[in-house]
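> Residue strings, one per chain:
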Amino acid sequence: MKYIIIVFLFPFIVSQTYSQFLKRFTVSGYVKEDDSGETLIGVNIYLPDLQTGTVTNNFGFYSITLPATDSVRLTFSYVGYASETITINLINNFELNINLKSDILLNEVKITADRTEKLSESAKMSTIKLQPAQVRNVPSLFGEKDVLKVIQLMPGVQKGTEGTSGLYVRGGGPDQNLIILDDAIVYNASHLFGFFSLFNGDALKSIDFTKGGFPARYGGRLSSVLEMSMKEGNKEEWHGEGGIGLISSRLTLEGPLKKNKCSVLISGRRTYADLILRPILKALDENNTGYYFYDFNAKANYDFGRKNKLYLSGYFGKDKFYIKNISEGYREIAGFLWGNATGTLRWNHLFNSKLFSNASLVYSKYTFGINETYVYVPDGKNYYAEYNSGIRDFTFKYDIDYIPNPKHWIKAGAITIFHKFNPHAFVEIDVSKNIKIRDKLSTYGTESGLYLEDTWQPFQRLKINSGVRFSYFAVTENDYHFFEPRISAAFRLKNDFALKGSYASMNQFIHMISNTGISLPTDLWVPTTDRVRPQQSRQAAVGLVKDIMNPVLALSLEAYYKKMGHVIGYKEGASFLNLDEVGSGLGINWEDNVTSGQGWSYGLELLVQKKDGSLTGWIGYTLSWTQMQFDSLNFGKKFYARYDRRHDISVVGIYKLNNRITISGTWVYGTGNSITLPLSEYTAPEHLQNDLLDPSFPKEYMDHHPGMFGRTVKDYSQKNNFQMRAYHRLDLCIQFHKEKKWGERVWEISVYNIYSRKNPFYYYLQYNVVNGKDNGVLSQVSLFPIIPSFTYSFKF
Amino acid sequence: MKSALSRYLNCFLIIATLSGCEKEVKHIKLPQFEQKLVIASFISPSDSVSYVLVSSNRRLYGELNDEESPGNLTGTISDGSNMISLDTTSKGLKFNRGKMQIQYRKTYTLKVTSDKGISAEAVCTVPEKREFLIQSDTSSVLHQEPGYLAWREFRSNISFIDFPGEFNYYRLAGELFYYKTDPETEILEINRSPIRFTKAYFTDKDSESDNKIHTSISIKSFNKYDSAFVKIFLLNTEKSYYLYHKSLEDYNSGEDPFSEVTSVYSNINGGLGIFTSYTLDSLIYRIK
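Just so you know, the protein sequences line up as chains W and F, in that order. Per this note's numbering, the very first residue in the first sequence carries number 1; after that it's consecutive. Per this note's numbering, the very first residue in the second sequence carries number 1; after that it's consecutive.
None of these hints come from the bench; they were simulated from the model. Mixed in with the good hints, there may be bad ones.
[Unchecked claim] Capping the alpha-carbon separation at 27 Å, the derived lysine-lysine pairs in DSS-like fashion look like this:
#1 F:K94 x F:K246
#2 W:K637 x F:K111
#3 W:K320 x W:K365
#4 F:K29 x W:K758
#5 F:K29 x W:K773
[Unchecked claim] If we take Cβ atoms under 10 Å as the criterion, some of the chain F residues that face chain W in the derived model are:
#6 K23
#7 L30
#8 G62
#9 N65
#10 L243
#11 T262
#12 G273
All C-beta atoms, glycine included, are put in the ideal place defined by N, C-alpha and C.
Generate coordinates for the entire structure from the input sequences, incorporating the hints supplied.
Below is the structure:
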């Protein structure tokens, strides 16, 4: 009988088993840091039995759909954290949330990641992921940790002038970089004329930098995307960290308002450079002159449960330069200030285990202003002038992640930005001359984007990210719209060795115009208009990537070619502030001061990275050319860009000697910047200088000094015709860690430019007398010699 | 406002310089000096004598010479069919109407050679003869303030035709003549002063819907002359004339190391300077 039952049930059992085998179920969840509850971005989830995997998204969420199985292993790994391997029985959709332990908490010297995502497996190309810990360990100027300065150490990224934070990526200017902090666009991302960036590393969780092969979700800039996320705040208990340095001090507090549900993070930083500079400037007879900056980050989040999370974050920062001159006869107070403010409200919603969405409302503002008040004490009549410029954005964006199976990860979304531009707002009141002038120019523009992209794996060896973006910009009479195809692919030739390629078409609708060689807050942000077209670029890249397992190294060799169109710059002789007389502030039209042209950039980049072990770091080398051509500049002839540096080398090493001592060093080398050096000088006569009755010039010749009949000018021949001396320097840093009862403290001693290389900041012509004869001498000013610094940091 | 901004930037430069150091740049290949002829010549059919100012550029690095001599010069000018040699002067070369009359719409080639083995060449085309119908509409206001001399302000609105369908470049210049008879000697004194235009150079972009270019001038006159006249010159110039003078106007000497330097336009092959042409129209009117 039992045999009959078995025979009868056998087909049913077989069919059920077979049906189970055909069914697919989804494992999904969040990966967080163990003691803080902080979600982790980009955690690699690998299934060794199925040789497939995925990564967590920007909110720490992952999803992977697999065939039903009795037993499947998932390994979660992330640099700086101990890996976790979980075995599950996949017979239903499975929610699996993981908490990874930081290696620091485990007191492990070696940082190991069993299975971080290999470069050769990713379809991404021309991207760099930085850990905030790396930024903290790299030596820096005055001990001020700076995300942008670390990005400058990557191949393909040129520095601007000495010490500044500007990014010149693959031939693009500093306005061609999209800098995002929690979905908010940040304009002019630096303090103190570009010497320090405005991102407080203590508040950051992730830093992703893309310089090519742009996925379709990114748009609006030609050259790079720097996307940063702020920490959410510890959901378990209150913690803090801070530091006291030579230039500024900082403090960060984070903790739960409701344990495991709601947390908050507040971080602030303020410089006391004004106190340090005051005695120096007083020696220059500058009464009461000072400078300071401060910035403030805040974030709060509420976890409603698996399906809904809400985040509110903001940034506020300001720089001010001021002068006060007070004497018996007059009082003069003048100020030069600039700053950014951003606010982001985000809502994550999980529709189901395969469909995740994020909606963001964002406010972003950048302004700079100059003001001067002068009072002539005897009669009390005063003069007041104020100039302001800025940009303000209101943004709505919506993004979805749809992960139907391990072979596809579909992203789609929409973004709309309402821009308000104030290229200038001018007020001038002169009581003694009875003058009152008010002039304000405001322009509006709406920038929108729709995108669809898919990261898919047609077969084991090939991974492709392809997509399209529709970009749109509306101005007064015209609107502009473009389809931007994007593709990047990785083909694994062998295990751990892949060939990659990418193509991206990009458009940029807002521009920064600058007529100086350094990034200054006076640089203007202006929109595309009916007269000034959007900037455009087409970039193609190919590369080889090799992952080595022992030791863990990633090698990448890339070649790129980028063509840029409608690039804008100042016309020769133009300035944003052309006020020679009272009243001439009216009618300044920036469109009359700019011109457009084209650019070409191509080169080769080599990057060798070591991400784990006691010694980590990278070596980067770039060989590149960047040329520009403007009809209105250099008489229409092609010229090399100012930041065209043929060779660029960066060597960064961070060595963890033991639990208590970390030593790091950076050596950089770059071919000198290109400058325009005069070849000779001559006298250029003007027509109609003397005699107008008969305009033929001159009517009669007399012996005279040539200067009387003309203006002494310099012959430059070609723009950027001369290369400055090469730039190189070595920075070293040593950190002493010590565990205390209340937390941890770190003493850091660092030396910037340890062999005191006199790198050129700028050149100028000087005249001196040698043996009774005039001599022309080219002199250079160097900015930073050897600079030691001390920083005390703490965590509790 | 500009002084405040300059002060901040200068302060920043001072801080930067103080925290850095200066030194002579050595072990670097500086630009080699190449001597070139600097030519300035503005020719017109209305000129009885046309001058070609010739000088030399000067070195900037190493031992400097106060004056680099251009050497002994010879030159020719050709209209395509005729060529004449130029006469020398103390400051270059010249030719008069009798040797070659400059004509409208003709192209002229200038060649200058020095016995130092350097030479330069340039080409220009004289604009077409046109009637620009310069007009002026003048009003005056008397200013009187206690304790100050009374003065009169003459405001003239000037307009002229811009011919559509072609690229034109213009320059305005002017002079004020005033006459006064000395009551004691009864000698007539004539004084003249140039009129400064806020905007002196114009192109087709300045043309308004009536195909005219409009501008205005303001003249201050102290009421102590018998009569006064204004003479307005309208030069219809070649594009190179406009580019040269605009580049001189916009010239940035490069003293501020953080501003982009600008160059002065030149159309001289193998040299520097300008060889260009213009036609002339004028208007005289009495203001007092």
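> Take the hints in turn and mark each one as holding or not.
Going through the hints against the structure:
Distance restraint check for K94 of chain F and K246 of chain F: the Cα-Cα separation of roughly 26 Å lies within the 27 Å cut-off, and the hinted pair is therefore satisfied. Straight-line distance between C-alpha atoms of K637 of chain W and K111 of chain F comes to about 25 Å, which keeps the hinted pair within the 27 Å bound. As the CA atoms of K320 of chain W and K365 of chain W are separated by approximately 17 Å, the hinted pair is consistent with the 27 Å bound. This hinted pair checks out: K29 of chain F and K758 of chain W have alpha carbons roughly 18 Å apart, not beyond 27 Å.
A C-alpha spacing of about 22 Å is found between K29 of chain F and K773 of chain W, which places the hinted pair at or below 27 Å, so the restraint holds. Look at K23 of chain F: its Cβ gets to within about 6 Å of chain W, closer than 10 Å, so that hint holds up. Interface hint at L30 of chain F: satisfied, since its Cβ lies 6 Å from the closest Cβ of chain W, which is below the 10 Å cut-off. The beta carbon of G62 of chain F is positioned within 10 Å of a beta carbon in chain W (closest approach about 6 Å), and the interface hint is therefore held.
Hint on N65 of chain F holds. Least Cβ distance to chain W is approximately 9 Å, under the 10 Å limit. At its closest, the beta carbon of L243 of chain F sits 9 Å from a beta carbon of chain W; the interface hint therefore holds under the 10 Å criterion. Look at T262 of chain F: its Cβ gets to within about 4 Å of chain W, closer than 10 Å, so that hint holds up. Interface hint at G273 of chain F: satisfied, since its Cβ lies 7 Å from the closest Cβ of chain W, which is below the 10 Å cut-off.
Comparing the model with each earlier hint shows no violations; every hint is respected.
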